[in-house]
Structure formats: C-alpha cells, structure tokens
Amino acid sequence: MTEKSQPDLHEQLSALVDGETTDWELRKVLQQATADPLFNQRWHAYQRISSALRHDATGGVDISQAVSALLAGEKAGVAGWLITARKPLAQTAIAASVATFAVVGVQQYQLATLAPVEADFEVAATPNYGMTAPLQLPEGFSLPNITTQNVSSTNFTTPAATPVQMLSVQVPVFDRDELKAHLESSLNNHSFNAAEASQLIIPRARTSQSPE
Amino acid sequence: MVINSVWRRKFSPILAFLLGAEPLLVWAQAVDHRPDPRQLFEKMRLASFLYSYEGAMTYEHDGQLSSFHMSSGETDGGWVQGIRFLSGPERQFAQPINLCGFDNVGQLRSRITEDTDDLALSYNFQSRSEFRIAGRQAQEVLVTPADGSRYGYNFAVDMETGLMLHAVTLDPQRNILERFQFISIESGPATRNFQSVQAQCVEASDAVSGVETGEVPWELAWVPSGFKRVKIEHESMRTQLVYSDGLATFSVFIELLDEVRFPPATTSFGATSLMLNYYLVRGDTFAVTVVGELPLTTLQSIAAQLHYLESDDAG
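Quick mapping for you: the protein sequence lines, in order, are chains E and R.
So that you can map any letter, position 124 of the first sequence is 124 in the working numbering, and since no number is skipped, the others follow by simple counting.
So the mapping is simple: the working numbering equals the position in the second sequence, first residue as 1, plus 212.
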C-alpha cells in the first residue's frame with residue numbers, strides 16, 4: 001500500500017462503513033484491504049466512529065472522548081478531515097432527526113385526538129352520573145356514631161382559621177331520589193356559575209336532563 | 213473513476229445537507245404560516261362577544277347525545293345569549309353578555325389579551341390543522357394543561373369570524389370527555405353598540421358577574437394555580453364559592469344541615485366531576501359539595517383544604 005493510495009482507502013472504507021459503496025467500489029476496497037495490514041484496525045475504528053455518531057444522533061451520547069481518542073491515534077490528514085467533515089453532517093442528522101420526530105409526533109398526536117373526534121364519540125373512562133349511572137357511595141360509620149378526621153390547617157395563613165373536620169358517615173337507609181335531586185341541583189347551579197364566569201351560555205347545556 | 217469517487221465523497225456531505233435541508237425549510241415555512249394559537253384563541257373569545265349568531269349544536273358525553281339551538285344577539289333587553297334544548301324535556305335559558313366597564317372594542321380586546329396571558333401560565337397553546345366543520349373552514353387550537361390538575365381543550369375556530377365551532381374537553385390521557393359542536397351556524401356582522409352596553413350597566417348595576425358579592429366564613433387554602441375566586445354568595449344556611457381559571461370553573465356549595473340524610477358521594481359525567489362530603493365545624497354539620505370541570509382527584513384536593521374562618525358573626 002503506497003502513501004498515494006492510502007487516502008483513497010480511507011475514503012472508500014468510510015463509504016463502506018456508511019453503506020454507500022457500489023458493488024464495484026466494494027470489490028476494490030476489499031482487494032486493497034487484503035493487501036493492507038492495518039485494514040482490520042482501521043475498519044474497527046471507523047465502525048466505532050460511525051456507531052458513536054449514530055448514538056449521538058438518537059440518544060444524546062457524548063462522543064467527544066471517543067472521537068478525541070481516535071483523533072489522537074490517527075495521523076493528521078485524511079482521517080482528521082474525515083472526522084471533522086462528518087461531525088457537521090452528524091449534527092445535521094441530529095437536527096433532521098429532531099425535526100422528523102417533531103413532525104411525526106405532531107402527526108401521531110393528531111391521530112390520537114382527531115381520529116376519535118371524527119369517529120364516533122369516545123366514552124370517557126370516568127364513572128357516569130349523567131342521569132342514569134349509579135352513584136359511588138364510600139363506606140364509613142353508621143349514624144349517630146360520628147367520628148371525625150382532621151383534614152386541613154396546612155399552608156393556611158389566616159390565624160382565625162378553624163381546622164375543618166370531615167365526617168366519615170354511613171347512612172344505610174336513604175332516599176335515593178332525594179340524593180339524586182341534591183346532586184342534580186348542585187350540577188345545575190354549577191352550570192349556571194360556569195356560564196356566568198365564562199360569559200358563555202354553553203355550560204348550561206350540561207344542565208340536568210330532568211325537568212326543573 | 214477515482215477522481216469521480218473522491219469528488220463524490222468530499223462533496224456528498226454538502227449535497228446531503230442541502231437535500232436534507234430542503235424538507236426542513238418546507239416544514240419550517242409551513243410552521244411559520246400556521247396562525248398564532250394565542251391570537252386565534254383571543255379571536256375566538258372576542259368573537260363570542262361581538263358577533264350575533266344562531267345555529268344547532270350537539271353535546272356529547274359518555275355516549276350520550278343532546279342537541280340545542282344556540283343564539284346570541286341584540287334584543288330589547290340588551291345583548292343576550294340563548295340556549296333551547298332540542299332533545300329531552302323542553303327547556304331554554306337566556307343569559308346577558310355582560311361587558312360593563314368596557315367603552316370600546318379596544319378595551320375588550322386588551323382585557324382578553326391579559327386574560328390569555330394569565331391562561332398561558334397554566335396552559336400551552338398550539339395551532340393545529342385546518343378542517344371543515346358546520347359548513348365553515350375552521351382552524352384547530354389545542355390548549356393543553358401545564359399540570360395534571362385540570363383538563364385540556366381542543367377548539368375549532370371559524371377562520372372567517374373567529375366563532376367557536378367546537379369545544380372538546382380532553383382528560384390527561386387525551387381521551388375525549390365531552391364535545392360541544394355546531395352542526396350548522398349562521399352569523400351576522402360583527403357589531404357591538406358599547407353605548408347600549410353602558411346603558412344596560414346603569415340599569416342593572418347589581419348584575420355584575422365575576423365580582424365578589426360579600427365576605428364568607430369559608431376559604432380554600434389551596435386551589436390549582438391560575439384559579440381565582442369569581443363569585444361568593446352567602447346566606448345564613450348556605451354559602452357558595454366559585455373559582456375559575458378562565459377555562460375551567462368549579463363551585464363549592466356549603467350547606468348547614470339539621471341531619472345527614474344521605475351518604476357522601478362522588479360522581480362525574482362528561483368533564484364535570486362532583487363530590488359530596490360532610491364537615492363538622494363548632495358542633496355544626498355542613499354538607500360540602502364541590503363540582504366543576506376538573507378531575508375528581510383535584511376536587512378532592514380542593515375540598516381537603518376548606519377552612520372555616522372564626523368570627524363573632526360567622527356561621
């Protein structure tokens with residue numbers, strides 16, 4: 001291997017690593033490589049550079065130390081040009097990758113949100129009350145034996161504040177219609193408040209379907 | 213051949229850069245041409261005050277569908293919004309548009325911009341795709357919450373008038389909780405007689421919304437960021453506190469009880485959650501109902517920070 005042919009081998013070896021050689025170039029590189037005792041060493045070095053650059057483009061791996069070590073081991077010249085020429089390209093690839101992720105991300109998000117909008121309505125994973133769904137009634141203690149639990153007083157600055165105690169109660173027998181009416185009344189009053197606060201009457205559409 | 217190969221190797225990065233940059237430039241130009249989402253949101257908000265319109269709207273939640281006739285326009289009694297239920301029991305509501313304190317459109321626009329600035333602390337705004345809805349060309353605006361204490365929204369803004377053509381509420385997993393959507397809408401010109409507005413304000417000076425109307429012995433030590441108290445009503449047996457961040461609203465109803473007649477309860481439908489609990493204060497039992505367009509967990513956090521303020525005449 002002559003000094004004149006060495007740059008060609010470096011470039012073609014680099015192209016081979018990147019999978020950018022034609023069949024003819026591949027045969028030529030392999031023919032030259034068999035006559036070069038440093039072929040295996042350089043092949044692995046370029047593989048490490050290529051691998052490090054690919055990781056950097058996708059995973060944010062710091063390749064500076066690896067590149068510096070390789071630079072230190074290489075003679076100044078073609079190999080140095082190779083690395084410095086490829087780093088901006090890698091940065092371009094990084095930018096392109098980020099841009100690609102951004103575009104793909106937007107498209108996927110559109111699918112995630114718009115597809116259900118355009119399709120049939122998606123039922124929420126929350127329990128329904130509406131006017132038909134069952135209520136969730138937590139367990140507690142039977143009346144009149146009332147127990148208390150302190151639930152507040154943190155982060156409160158008003159000195160005259162009294163801690164409020166939430167009651168844990170159980171009412172085994174109650175009028176479900178009365179409870180339903182209470183909840184509907186609260187929902188309707190809130191829909192009025194929401195419409196008033198937003199200055200839009202649309203929240204009134206959430207009003208109970210039961211006649212007032 | 214060797215020269216050609218060297219030339220290709222040396223200049224291919226430049227070609228690759230140029231070829232790779234072209235799609236990026238196209239993409240960047242597309243992004244630049246996308247309308248500013250906050251301006252769209254402000255346009256939508258302004259249009260709701262300025263335009264007269266009427267149309268048919270649907271409301272979907274939890275697999276249920278309701279329909280309404282919506283209208284907004286100037287009447288003898290001022291500028292009034294109306295909603296008439298087209299399904300279920302016959303009902304209709306009317307609500308005045310309150311613009312007291314605004315002498316012209318510029319003041320209103322400035323206020324909307326300030327409100328949107330506040331909203332931007334709690335929500336992120338994104339412009340999305342254009343599409344057709346209710347026979348009109350619309351621009352989609354996605355408003356996502358900055359924290360998990362509230363829901364996100366997807367609005368369709370009429371590109372001509374700015375009127376809201378649909379409003380979708382999304383949970384943190386981006387599931388659709390509810391959707392309001394016009395299926396047809398007719399709008400009039402953007403007119404607003406602010407002189408008549410001032411006249412209405414003089415006639416109904418006590419009907420100002422968004423203003424506290426009194427002091428109450430109850431206070432919330434914590435609410436999600438951006439929420440402000442917009443209404444207080446207090447009677448001897450009943451108090452209500454209303455908070456809003458500009459998009460979501462929640463109400464707290466506090467009622468003094470003689471007896472507990474039903475157990476605590478939680479429920480939700482569409483974007484609305486509700487929880488009922490009982491509190492003991494100075495030997496008195498109060499029913500506290502918190503309801504709003506917020507996740508149930510947020511309502512529970514809010515209810516846990518309810519405080520009673522001691523005073524001689526409180527309670």
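Just so you know, the hints here were simulated from the structure itself, not pulled from any lab data.
The reader is advised that the hints may include incorrect statements.
Partial list, computed: chain R residues near chain E (C-beta under 8 Å) [unchecked claim]: (1) Tyr263; (2) Thr451; (3) Val454.
Label-pair distances were calculated between CB atoms; the ranges are [unchecked claim]: (4) R:Ala268 / E:Asp175: 25 to 31 Å; (5) R:Lys440 / E:Ser185: 41 to 47 Å; (6) E:Asp175 / R:Gly495: 21 to 27 Å; (7) E:Ser185 / R:Glu266: 27 to 33 Å; (8) E:Ala181 / R:Asp315: 25 to 31 Å; (9) R:Arg296 / E:Ala181: 35 to 41 Å; (10) R:Asn316 / E:Glu178: 47 to 53 Å.
Each residue gets a CB set at the ideal place from its N, CA and C atoms; glycine is no exception.
Tested hints:
Restraint check, Tyr263 (chain R) versus chain E: the minimum CB separation of about 13 Å is more than 8 Å; hint violated. The restraint placing Thr451 (chain R) at the interface with chain E is violated, with a minimum CB-CB distance near 12 Å, outside the 8 Å limit. Look at Val454 (chain R): its Cβ gets to within about 5 Å of chain E, closer than 8 Å, so that hint holds up. For the hinted restraint 25 to 31 Å between Ala268 (chain R) and Asp175 (chain E), the CB-CB distance of approximately 38 Å leaves it violated.
Judged by the Cβ atoms, the range 41 to 47 Å given for Lys440 (chain R) and Ser185 (chain E) is violated: they are separated by roughly 25 Å. At about 26 Å, the CB distance of Asp175 (chain E) to Gly495 (chain R) agrees with the hint of 21 to 27 Å. Taking 27 to 33 Å as the suggested C-beta distance range, the pair Ser185 (chain E) and Glu266 (chain R) conforms, at roughly 30 Å. At about 45 Å, the beta-carbon gap between Ala181 (chain E) and Asp315 (chain R) misses the expected band of 25 to 31 Å.
Between Arg296 (chain R) and Ala181 (chain E) the beta carbon distance is about 24 Å. The supplied range of 35 to 41 Å is therefore violated. A C-beta distance of roughly 51 Å is found between Asn316 (chain R) and Glu178 (chain E), which places it inside the suggested range of 47 to 53 Å.
Violated hints for the displayed structure, listed by number in ascending order: 1, 2, 4, 5, 8 and 9.
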